[in-house]
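**Q** Single-letter residue listing:
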Amino acid sequence: MLKFIAKRLLSGAITIWFIATATFFAMHAVPGDPLTQEKAMSPAVRSQLEARYGLDKPLIEQYQLFLNNMLHGDFGISFTQENRKVNDIIREHFPISAILGITAVLIALVGGVSAGTVAAYYRNRWPDRMVMVAVIAAISVPGFVIAGLAQLTIVAMNNAAGKTLLPVAGWGGVNHIWVPALVLGLGTMAYLSRIMRASMLEVLSADFNMAAKAKGVHGWRLFWHHQLRNAVLPVVTELGPTIAGVTTGGFVVELIFAIPGLGRYFVQAVQQLDYTVIMGTTVFYGAFLVLVVVVVDISYGLIDPRIRLHSGGGGR
Amino acid sequence: MELSVFRFARRTWASDELEHIAPLPLPKMATPAVVVSTLVVIALLLFVSVGPLLWRQDPSQQWLSQISAGPSAPHSVRLILNSGPWQPPAGEPPQTLMVHEANTEFVRLQWPKLDGVKRYRVYRASAHKAGLGLAIAETDKPYYQDQLQLSYQIYRYTIADADTGLLLLARDVRPDAAMSLFEAQLQGLVPVGKVNGRQQWLTLPGHPLGTDALGRDILARLMAGGRTSLFVGVVAPLLYITFGCIFGAIAGLAGGWVDQLAMRFVDFVVALPFLLFMILFRVAFGIGPGENGITPLIVAMLMLSWPGSARLIRGQVLALRSQPFVEAAKLAGVGTSRTILRHMLPNVLPMILVAFSFAIPQAIFTEAFLSFIGMGVSPPTTSWGALCNDGIKTLLSHPRQLLLPALFISVSVLAFNLLGDALRDATDRRAGVAKA
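Those sequence lines, one after another, are chains E and Z.
One point on numbering: in the numbering used here, the residue at position 110 of the first sequence is 110, and numbering is uninterrupted.
One point on numbering: in the numbering used here, the residue at position 131 of the second sequence is 131, and numbering is uninterrupted.
For reference, chain Z alone in the conformation it holds in the complex:
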């Protein structure tokens, strides 16, 4: 007797007919969407777990010489030993605007002394943009050394008369990629106190996806950020769905006034505006110095997100309690805990799984939203949302810095959503088959 009950209970998926004991045909789950999204999820997990082992750059290391550099930025740079104040060599002044030396540490310009001009004004613009650009200096001498945030691109320098505003000379300049000795020593590329020769070439580790506005490697940051995002995205739902299930199961199993009271409480928690209270709880928990802010985030999510699964499970438990096979198990003398574990749990498990797979993208979104408004993880810990927050500041000049983390968020959310859809369809179909 007991044996047949077990067989039955394990094979029924929310069925209400007793006589259906024949094994259920497994639904066709391997649709193209499922295969692709599963592969994408695996790829993402590998990217954040194995990726950092293969790509060993420190995500918080700053390359001062490579601010917002593109993927094609040169790998070998010149080592600049001396970039102090500069004076042009004595001799014949040049006929036109002359470039003595141009690299990304400094650009040294000299031009002929022009009659009637007391002060010169130097403008600098990116060559592909119209206009004079930034007025970077005013000087009464016919030479200038520009050291103002140079990057690896073509600049157009214009010399004007500072008093009349008359434009005098202009020239396009392409600085070589370079790095100062100080930075090279800071990065450990050059041993301190061991420099010989006037010039030296350094080979840098490349940045396949470029660097961000602080000169950090975007690929390494995407890996580090992904670890946070996926961690929060998986652990938070795991915790709150578990809690919600236990809460709902207790309410459903106890019944009576306990159930009533518990469900009233659930109603109130559900009524709290979610993101508003996420922000509020994040503020309330606070982040101490040196903390990464992941724990408060997860706790806040746990406190606000559990009611959905509690309602789901309570409803299921109430429905299952009056199912013939549960009553049969009771009649057969199966204990309460055994009934729950072996007869009820297998029946609600698919539903929990579906809820879980839909909760993951939501949690990733929530984390991204909070990190984006600066209420998520705190630096130097980063996440895809925090990377988007960094990226939106340089959106107009370097859209890549926003689009790359955004792409990762979108792809992972999409993959988990498709997976959830497929899981739901599969369990639905099973239930449908069982009912038919």
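Chain E extracted, bound-state conformation:
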């Protein structure tokens, strides 16, 4: 087990290095340079700024500096917001994204598992059909459209009630979380319920399920101990990619609902070409996602020992 964990951690570390390197060289391949602005800059100011951001050094040296700083957890200073450290930006905005993301994943997990189970129990009857139609709809409609429709619904609801039942956008209270989190989790929920339905169908026709039933296990115990525990395993493996999907989906949801999370900040940084913020957040997000996948892999290895034996597959 230790060897398995060490192997996953090592490949995770190499992946993060690869992400950092790819990010660095991609950003340095950008035509033009980050200091080009509409206003002309005097050579003195320019050389000052270049020295400040380390742009006067050769590329290899900049790369070494970048990696070294990254190892110390220092992502540099923003280009567009003077004197604001990327670390501060991440520290300030990531918790908001995290709260939103965790709520979304929880909603998706609970909703997906229950919808998938219901669909499997009522296979080819109307609850199953309804779930599958909803799944197809949720998979086919882009997240930003669902977000827009959700906002329209809230506005119509508030107008009908004559007061603010739910805030349309913004961040602050508990009420601000639910709708964006639901919108964010919806696609994932649909995906998970599809997987859950398939795996539950498999479990329902499995020999051990028959054996448990034949022994007289029934009701809640049969469902909880024999069916759900086995059926939920494929859903757990999908949690890693799911969290990745929720993270990037968060970009759009945060943008539309005006939530000051890191995702919205990243999109803005990209639109303003704020190089250090782009590099910092990309590496941060990349490392975060790789870690999530590694943790999910390890926990899966803990739950199901069979995985450890043939774990040559590498990352996702």
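Hints listed in this document are in silico derivations from the structure and should not be mistaken for laboratory results.
Since the model is a prediction, treat every value here as computed from it, not as a measurement.
We put the CB at the ideal spot given by N, CA and C, even for glycine.
Please note that the accuracy of each hint is not assured.
[Unchecked claim] Here are the simulated distance ranges between beta carbons: (1) 51(E) / 299(Z): 32 to 40 Å; (2) 136(Z) / 50(E): 46 to 54 Å; (3) 87(E) / 174(Z): 55 to 63 Å; (4) 214(E) / 255(Z): 45 to 53 Å; (5) 99(E) / 324(Z): 54 to 62 Å; (6) 92(E) / 133(Z): 34 to 42 Å; (7) 17(E) / 318(Z): 23 to 31 Å.
Following the hints, complete the assembly by docking chain Z onto the known chain E.
**A** Coordinates of chain Z only, in the frame set by chain E:
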């Protein structure tokens, strides 16, 4: 000998039994879902290819007089020759709030001079909304000409005392549809320097789906946007699946350390967070002035999306290499390239086809996502995602502008997904039959 090998190889779909040479029954593919989704796909392709030939409006032409107009906006509008400063005609002042003329270029109001009021404030609101609306002017004269972004709807004007805030007069006004001479000349509806008569009626090409916030025809934009979306959606997967297949096939055929190295590399590329790096690469490639941004988008997708098919094909090639019929072909002296083309390719082709049909909706989604956050195609080129981006800004007042492109994205994604499902089921069933 060689002949029978050929017959066999062509008829086997990932089978591992040699003796099964009987022709396989074709699975029933024409389920209702397949028929409908195929028709939808054909309809979409016709919409973006033949559509612009039938509906000859320029998708980037702006109708300034028809900002966010609905489908029912009037087709014939009045030509307004003179919309300069205005003074009411001399004579008896009106008894109440009077409308001298109301069209979508200007609304001319006059009201009686009221005792004790030094300054008047004019409010304008959409008639179906509560409240006074926008305070559009303050004036000390008892008349006003409103030229502020009028559109074809009923307005309620309210005159108030600017000092005390006391409401004095109110009236609902329905402006006629109109167009200024300047715009009519700009659109080529009126030849320059050839105007006679004080008033003239113009007939405009209608907008069956209305216009967007910049007065552009939504139907024409949906056609133009669809061309971009479907182009990216088909070409990007075509390129990256081809590349992935070649990469995977080389790795699988070479084997040994080449295979190991290639697959390590694939592992790393797979580990890159997809949309994050899509955005990053899009930034890195940059878009020069006058470029539409489609090429960088496709290149970025190519760089990030190929590993899936590379893994798939490599696994298939490894499995096929040890299949009896491939070894038999080798024994019979069939050359390497011929073995690959005639014995291995037909066996992996269905799988590639399935992967391709699932990649299309994904690519359409990716393009829509990137265009939506402003990282996709650059104006004036448009796509369904970019149209959604435009539409979400006017979501609360004109939801149609978001919902129409969203509908097209959803329908095409749904159709391609159903098609992919059907293709997968068909190939699976064939494989199942072969194994049985």
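**Q** For every hint, state whether the structure bears it out.
**A** Results of checking the hints against the structure:
| no. | hint | verdict |
| --- | --- | --- |
| 1 | 51(E) / 299(Z): 32 to 40 Å | holds, 34 Å |
| 2 | 136(Z) / 50(E): 46 to 54 Å | holds, 51 Å |
| 3 | 87(E) / 174(Z): 55 to 63 Å | holds, 59 Å |
| 4 | 214(E) / 255(Z): 45 to 53 Å | holds, 48 Å |
| 5 | 99(E) / 324(Z): 54 to 62 Å | holds, 58 Å |
| 6 | 92(E) / 133(Z): 34 to 42 Å | holds, 39 Å |
| 7 | 17(E) / 318(Z): 23 to 31 Å | holds, 29 Å |
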